[in-house]
Amino acid sequence: MSEKAPMKITSNKRPVFWAWIAVAPLLVFLGVLFFFPVLSLLGISFGEDQLTFEHYLRIGEVPIYRRVLLNTFVISALVTLLCVIVSYPVAYLLATVSPKVRKILFIVVLLPFWTSALVRTTAWIILLQRKGVLNDLLTGAGLIDEPIAFVYNLSGVLIGMTHVLMPFVVLPLFAAFINIDRTLIEAAEGLGAGPYSIGRRVIMPLTAPGVIAGATIVFLNSIGYYITPALMGGPGQTMIAMLIADNINRDLNWSLAAALSVVLLLCTVAIFVVFQRVFGLERLLTGSASRGSTAKFSIGNNGRTGGGWLTFACGVAVLIFLIAPILIVFPMSLGSSPFLSFPPESYSLRWFHNLFEEAKWMRGVFNSLQAAAVAVSFSVVLGTLAAIGTMRLGRRMRPWLETVFILPMVIPVIILSVGLFYMLAPLGVIGNPATLGLAHSVLAVPYVFITVRASLVGFDRNLELAALNLGASWPVMFRRIMLPAIMPGVAAGAVFAFIQSFDDVVLALFLTNIRSRTLPRVMFEGMVHEIDPTIIAASAMIIMLTLTLLAINLILSRRQS
Amino acid sequence: MKTIKTMLLAGAFAAGALAAQAEEMVFASWGGSYQEAISKAWLQPFSEETGIDIIEDTEPEVARIKAMVETNSLEWDVVTGGGSTLMRGVAYDLFEPITEEMVDQSHVIEGAKNEYGVPSEIFSTVIGYSKEAFPDGGPQTFADFWDVEKFPGKRALPDRAATVLEAALLADGVAPTDIYKVLDTEEGFQRALDKVSSLREHVAVWWSSGAQPVQALGSGEVVMALGWNGRFQAGMDEGLDIEMSWAESIAQVGYFMIPRGAPNREQAIKFLNYMVQPEAQSRFSEYVAYGPVTDKAWEFIDDERKARLPSTPERLENAIFMDIAWWADNATSASEKYTQMLQK
Amino acid sequence: MENSSSARYGLQGRPVTITGLNKSYGNLRVLHDIHLDIAAGEFCTLLGASGSGKTTMLKVLAGFEPFDEGRLEVGGRDISNVPVSKRNIGMVFQNYALFPHMSVRENVSFGLDMRKVPGEERRKRVDEVLELVSLQDFADRLPGSLSGGQQQRVALARALVIRPDILLMDEPLGALDKNLRQSIQLQLKQLHRELGVTIVYVTHDQEEALHLSDNIVIMDEGRIKQSGPVRELYFKPNSSFVACFLGECNLLKDTNGREFGIRPEDIRLRAQGEKAAHLVNANVETVVFTGAASKIIARANDTVISANVANSAAVEGLERGAPVEFAFDEERVLRFGTAT
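Quick note, the sequences are listed as chains A, B and C, same order. Quick note: the numbering used here has the first sequence finishing at residue 561, numbered continuously throughout. Quick note: the numbering used here has the second sequence finishing at residue 905, numbered continuously throughout. Quick note: the numbering used here has the third sequence finishing at residue 1245, numbered continuously throughout.
Take the hints with a grain of salt, since some may be wrong.
EDC-like mimics (lysine to aspartate or glutamate), calculated; alpha carbons at most 20 Å apart, straight line [to be verified]:
hint	chain 1	residue 1	chain 2	residue 2
1	A	360	B	614
2	A	131	B	762
3	A	360	B	597
4	A	131	B	802
5	B	898	A	54
6	B	692	A	345
7	B	905	A	61
Covered by chain B, according to a simulated footprint, are these stretches of chain A (three or more residues, beta-carbon under 8 Å) [said to hold, decoys possible]:
hint	region
8	50 to 64
9	423 to 435
It should be emphasised that the hints constitute simulated quantities derived from the structure, not laboratory data. In this text, a Cβ means the ideal position worked out from N, Cα and C, and glycines have one as well.
Using the sequences provided together with the hints, build the complete structure.
Okay, here's the thing in structure tokens:
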């Protein structure tokens, strides 16, 4: 059993210097492409010409703003809670099946990311509406008499958002699960713990760091949501990002939008401080790192227990929930009517025809991939370096830096978009996919930072010291020892970064032009008036391509082994 | 915004300084079948006639127009938008005034004219209803829409105040000419809100995108909806079992604007002149069910197509034009109160 | 002392009976028809090389592994179908398996929490057992901050506090250094004597087995080769395997070609004119000085013989290749009855 070396470095000053060198690139990057443009814009919350507090007073006086802020935080908290609850059975499932099945299940978990938000919500509405697939099934089976209102209310918002955001919890939770030493479970069993006690007292605390990383991402992400609540919720679920976007886009009331953003930001930070005080996140993050476990988590040799089977069943149910809207995308993409129904009344290849006919779709895919490539490489390099550097800095600096690096998740994207436009337009770099990719890196870097930081907590520093002692230079040590150890975190961060870039509409609306439109932007066009089923065909194509690539990968890896 | 501008523009160079070799013009609208119709009815024939190349862009958000104008990086020569976009832009001085010398609009319907934009089409907010739910005739007036005894079933309404408040007051018996006078008073505004509020429990869908009311009607989620005539028409054309009522409607106007500092201003003016001509105006409705902004266009339109369009003299008789000036003045507070009312 | 202590901890050793136990992984048979009786309060060690099935047997007993056939009884109760959490068996894992997120006290208290022991009594019992393993000052520390030996004692305390019917230990000293191991062996032995708990102990270290056990079960390839009291196994091994596994043993053949064993300490250099039952001529390979004695390794034909003899000038003077004559007595000869 190895003892962990304390993370704090006391006597030697050089490591602190190198830690700052690692942190500096991200600080500079965010300073230029995030803080400067965003603060410039937020500054106008105090008036465009002279100093005034009227916008803040208005937010205080007009009740709707308090109400919508409350909506936002309540919905975000509920979504976070739901994501955590439903992710446990899925993570358990992933951790206990064979590697081959696991690969397939991972695809199922990540598939929702590969469809645009518009397609997902449309599919959900068709499944859940009063005369939708689910209600038809339930009434047909005689389980209910009256259709249940699943959408256009709170449940619609919760379903839609949980569906999209869940993978952010599943991935880190899975990583935490497989790091649990199985003998711990056996020890608990031997001491008389049943499945419930094992879950609550052993598995939950040991997976807490993973869950907290995931829940943080989900909560901060939820705060900025507006497409899903607008389409799947009712007016009672108006969220703050909708008001901010409206004030920017429709009403041109930028001062009010900026003031709302500032208030949102302050509330979020306040919630975090309270959360940290109450739950002691820091202790949880550092107190329960896995240490070189001898037996990876798996089901015991007795097979699954009753509780195990129950969890298994829940996991399968959640997976069905995850892919249900994806599955109906295929038949829907073959429907002939532009008014979507399921099952379609007649079939045609009309939308696929559109997809290949019009150059904008394929160009959109190409532009999206270019931007994503830039976004992934920048955010992964900068985020990983910063995460490593941050871990080496003193207890006092760390929380500040972490807050700074996570902030891009909290600021509404529309604020960043407008701020960046003002900064970049005079430089003549608008409309370049690389510019968009850099902007996406700003959005993506917090994800990389969080996931890599979580995986670094479990990294035994003795390994690093051992490698250096054996004569490895730091870069060699990093490549051969540290990187493999934190790879799951880096990979998860890269996936999240890709998705952030691949799904973004708002930045694309401001930073691309007709030649550099990305796929989500092409999909978004015409949305005010109609849903062009071509976007469903596009989603179906993307899903099929993804599946094909993964199938090839599976076949090749099987041949190799 | 000045602070940002001075901060960010330090050392900036003027964009768009490169003069085009061939004549060209950049047009930006909202994509989808709407932009396709514009392209077929006006952009392509204009381009053929004049030899001016037209580049089409999309999503001319007024926020982006503002940002482009203020950073001197304007890429667009003609942008399109509804009344609220127009008025908002005017408030920030984003659009060029269109004088009689630039574009002759003498033949345009009075209610549609505006100093800063050339009207391109008229569309209406009307009642759409399911024929399946009401085989013996559906709701005709806004009063019918509010009458849940006579016409039971769930409804769909916009999640924003514009047109809903007008419809509510019409349903409450206010004379069409008095609508904005009533809305201007605090009691009158509250009256409209209360009227909407009274219908709340019968509203299943508060829509945010124009596609939603049609989708909801088609799927049976609701039996009637307040929505745009062009969308209902598209649904009917695709065989959805729905119908529109023209007994009352709220007419809105689409506008084409020239942002300040447009790089190809001359070509833009040429195009606007072309688009507003009666013959060109008549062509638009071949592709979408939106009506011409001039009565002179009707002579080029047959009766069958006429039946689909909102701006015939008879229909405008029963319609009120949305007062975009009123909405420009009251948008923020109206939307605050409307959204608040919906929360309860 | 013995009685008062075991009464204080409420421990009562229970007998274990294993009957006809069989287990296979697919085609691989890992346990062959195991029959074993362990008396109440006995310290029983399962000894074998890795892969001999000793750990599997422990896990079957604990309930972590299912088995194909057979019957397990603890204190007369059939536990074959009792789930792990209801077996009331204490277990000390090789890596201790301490919950890293719980303090020492929380770790020890866990089993009592599961048994819904009331707060007052729970506290008392945890304090007692921590005192027993001398860890009362470390109650609020996290396991990660303890030394290996301390962690080992936490694991022991955690297993004991539930008053288990039997205590299973899976190579619990394997990760400790030699000095620590020896001192803990002593403590363990004393603890066992005081508490009177039945212990089933798994190790591959024969010396450890000899030091600790009342009875030893020697296993090989999933079978019990021999089981019994330590001395019986040492002095009356039923097979050459057992003889060589437990202590050192020279294997020789008698005039009838039958194999027999003789331990090095029972071989002496033949004194001038001595008459002994067995005499062997050999040539010295090497002489190793081991402190209290010397070990002569010599070759007789194709057999290597090792003999522990008293130090003397004669022994010291033996050179490689020098002829020696060994002698040993008939009553020291190990005869392997019917075994292989």
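Verification of the supplied hints:
1. A:360 x B:614: holds, 18 Å
2. A:131 x B:762: Measuring from Cα to Cα gives roughly 19 Å; hence the hint holds.
3. A:360 x B:597: holds, 14 Å
4. A:131 x B:802: Satisfied, since the Cα-Cα distance of roughly 15 Å is no more than 20 Å.
5. B:898 x A:54: holds, 18 Å
6. B:692 x A:345: holds, 18 Å
7. B:905 x A:61: Cα-Cα ~18 Å, so holds.
8. 50 to 64: holds (count 3)
9. 423 to 435: Our answer is that it holds, as 6 residues pass the Cβ test (under 8 Å) against chain B, meeting three.
Every hint from the earlier list agrees with this structure, and none is contradicted.
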